[in-house]
Amino acid sequence: MLQVKNLTKIYDGGVKALDNVSFDVPKGQFLAVIGLSGSGKSTLLRCINRLIDPTAGQIFWDGDEITAASPEEMRRVRRKIGMVFQHFNLVHRSRVLTNVLAGRLGYVNPAWSLLNRFPKEDMAKAIKQLERVGIADKAGQRADELSGGQQQRVGIARALMQDPNMILADEPVASLDPVLAHSIMKHLEEINKQDGVTVLCSLHYLDLVHRYADRVIALNQGQLVFEGLPNEIDDRKFKDIYGRDAERVG
Amino acid sequence: MNMKDKKPSPWKSLRTGLIVLLALLIYAYGFEITNIDLAELRSEQRQASLTRVTRALAQPDILEFEKEEQKYTAPVHVTCPAGGVSFDQPDTSGPYVVVTPSCAEPGETVTVEGFNFLPNASGPVRFVPGSDPTYLVELGNVVASTDSNGYFKTELVLPNRPSDEVQFIRATMRQSVGLPRFTETARITWEKIVETVFLALLATTLGTLLAIPLSFIAARNLMKPVRSPLASIALSLLGWPIGIVVGYLFVDRIGQISASIDGALPNLASVIAAPVISWFAFRWAMPQEEIAAPSMSLRLGRLLVLFIGMVVGLFWLFQLAELAIAVGQGIKDALGPAGFLATFLFQLGDILRVITPAVGALVSGGVLGSLLGRIGQRATEKGSEASVKIINLITSAAAGAVLFGLLGQLVEWLYQIDKPAYTLWAPILFGASLGLLLAMFTKAKDTLPIGLVIYTFTRTILNTLRSVEAVIMAIVFVIAVGIGPFAGVMALGLHTIVSLAKLYSEQVESISPGPLEAVQATGANRLQTIIYAVIPQIVPSYISYTMYRWDINVRMSTIIGIVGGGGIGFVLIQNINLSNYRAASAQMVAIAIVVSMMDYLSSVVREKYV
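Sequences listed follow chains A and B, in order. Numbering-wise (the working numbering), the first sequence opens with residue 50 and increments by one. Numbering-wise (the working numbering), the second sequence opens with residue 14 and increments by one.
Chain A with its partners taken away, still in its complex shape:
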């Protein structure tokens, strides 16, 4: 159970990215976060694993307060939260396998990382995760030799390496074509349904939201403007979320 209470983030320049946002996510839910570019979706997701430190408010996860965790506790919190990014954020010059293994860094002793060593079990596990997303044959290739869809699968495999209880997906399909978008979303859905992993996924297209999400929250200029089921978004709600001049495309 994830609880976000009165979360506010004001950047150094004075921009209010999140304005008093509160919501709960029950365990195992697929929650879609929608809103215009710049509405605060990315900031919200990054506040949850504290890649960005919120200005005010609290986040609780299974009763522990993430926002009060010390750096050492944060390491334990983060390694249970996988993250998938719009631009995949793979290390281009490293091999696919190394990129996947990086998901294990929260568990590996830093002294062993100095020697660039991972336990044998992790190596086997990495291959298994690559098999799960269907690109085990690419393990030895450099990450930048892969196509966009393949790179995002590597990103998902990296998140799976963490044995996550929750996955934060920051517009995971915004840089992909519609066919690939569905295949990536299906992977996330499968992880959500089979492994019971909570998924928070920010999305642009409403048809993806209708197809995959259990519940939706919408942000507009940092404020929570909608919270409910995907099919509750009618034309009026749509205008609330995306503005007066917006038109539905899909």
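Bear in mind the hints are in silico, worked out from the structure with no lab data behind them. As the structure is a computational prediction, the values presented were derived from the model and not from experiment. Note that the Cβ used here is the ideal one computed from N, Cα and C, for glycine as well. Just so you know, nobody snuck in bad clues.
Derived coverage of chain B by chain A (criterion: at least 3 residues anywhere in the stretch with Cβ under 8 Å from a Cβ of chain A; other residues may be distant):
hint	region
1	299–311
2	387–400
3	527–536
4	543–550
No more than 25 Å apart at the CA atoms, straight line, and that leaves these computed lysine-lysine pairs for PhoX-like:
hint	chain 1	residue 1	chain 2	residue 2
5	A	Lys54	A	Lys286
6	A	Lys242	A	Lys129
7	B	Lys395	A	Lys129
8	A	Lys129	A	Lys76
9	A	Lys242	A	Lys177
10	A	Lys54	B	Lys458
11	A	Lys129	A	Lys177
12	A	Lys169	A	Lys187
13	A	Lys129	A	Lys54
14	B	Lys395	A	Lys54
15	A	Lys235	A	Lys129
16	A	Lys174	A	Lys129
17	B	Lys80	B	Lys166
18	B	Lys621	A	Lys187
19	A	Lys65	B	Lys237
Fit chain B to the known structure of chain A by using the hints.
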């Protein structure tokens, strides 16, 4: 642009005129200051020496032939004697020289002919003053060459050396025999250019190794997020100097114990056994992965075992050094021409013996610093607002006192003021009150941007040192370690560290932040983030900059010898000072070849990896 601005105005014209006049004045003064004087260039003496030097430079002293030499003289009277001249007919069976006329006034021209010399030989034909035909001094600079019959003919102006006695004209004809061979200069040049290349190699290696960690500290994007609460900073600041002192004394003690173990067998046994013990200690104390947080007693036990592992490891380093030194000394004579390998081993052992206490002290400083820092962090997290405030006040005052006390002692050592009131007690008081002030004005649990402070500090030092030229550093090191290539390695190495650290850190600052964020999100700590997200991104540019720097270092090492830093510059400047331009030319050619080869090599490597 407004039309009104383009209107001609007398003020504007006047201003332009004044600027032109001012520029003229500046250049006129510049000419005066820099002694620009073409009359000097036109003077005959200058032109003659210029020609001589240029010709010498065009004939680098690299190859020479075995020479067959023939020296023959012919008598001549300068000022014809009253009784006329009568010489014996020369022996025409061998080479001989004939001067016509056989007497003349000073300044007059005589014809010198040679017969039966070696064919196609050449050499000087000069006047020998005095009455001794074997006298070594010769005057004039006429050069003659023989034809295929061994005959030459040339004209010579008699010098102003009138004498009653007979004087001589000597022809020295030389002919090359056999194949060309390298001159002594070429041999020395080869030796020195090899020294130069290795000097550059060692300096670059040393510089690169130390510049890499520095470049992370000097990168803004990595350091900016580093923030710590005041108590943590202050405690870690206290931990460093204490750790360094304690660590040095402790490691030195291990060294003494290690040195007291005599004999080859125990030495060999400990070199083999120590790493095994150490390895198992580290293996147990640092599990590769850990799912649950360890209990307090387990943590303490691990710390203890880690400590034992460290001690055994340090002992091993000392024993290894002893072994390397002993083996190096033992096999030097047996190796013969490969003796440099034994010397290398010996030197490695010696280096290990010298740097182990220093490294041990630094490591212990770092460990104690981070341990105390962590305790401070924990105390800040768990303590109440008021208690944290008190801890802050105490630790920050103590840290300020220690920091400024140490600075005061540095001043004392440098300037020998000898007044503890000024160099010890005053700084301690000042530091303590500064610490107190800082603690009073920071909120108890606030974090301070310590990363930015370290970043700024490192950058300032790098920029200051970088502005000192390597040649000037070499002068300092020549004083510290004596004339020779070692001083050059140290000077170039230091300069390489500071300039590469800056170039590298700029590369770190320009990496894409995405992978960094992704790796951080997995729970990786700072060290792991650097290893898995930063380093893979910067490898190509690091290679490129390192090659570029080696290139520079080869060029720099050619001139670092001028101030005594070893390498080819030393002989080059010597030959220039001795006006030995042909030898200097050989060295310049060598430099040109090596530098252009380096240029080519580095471009090939860069193309391949970047």
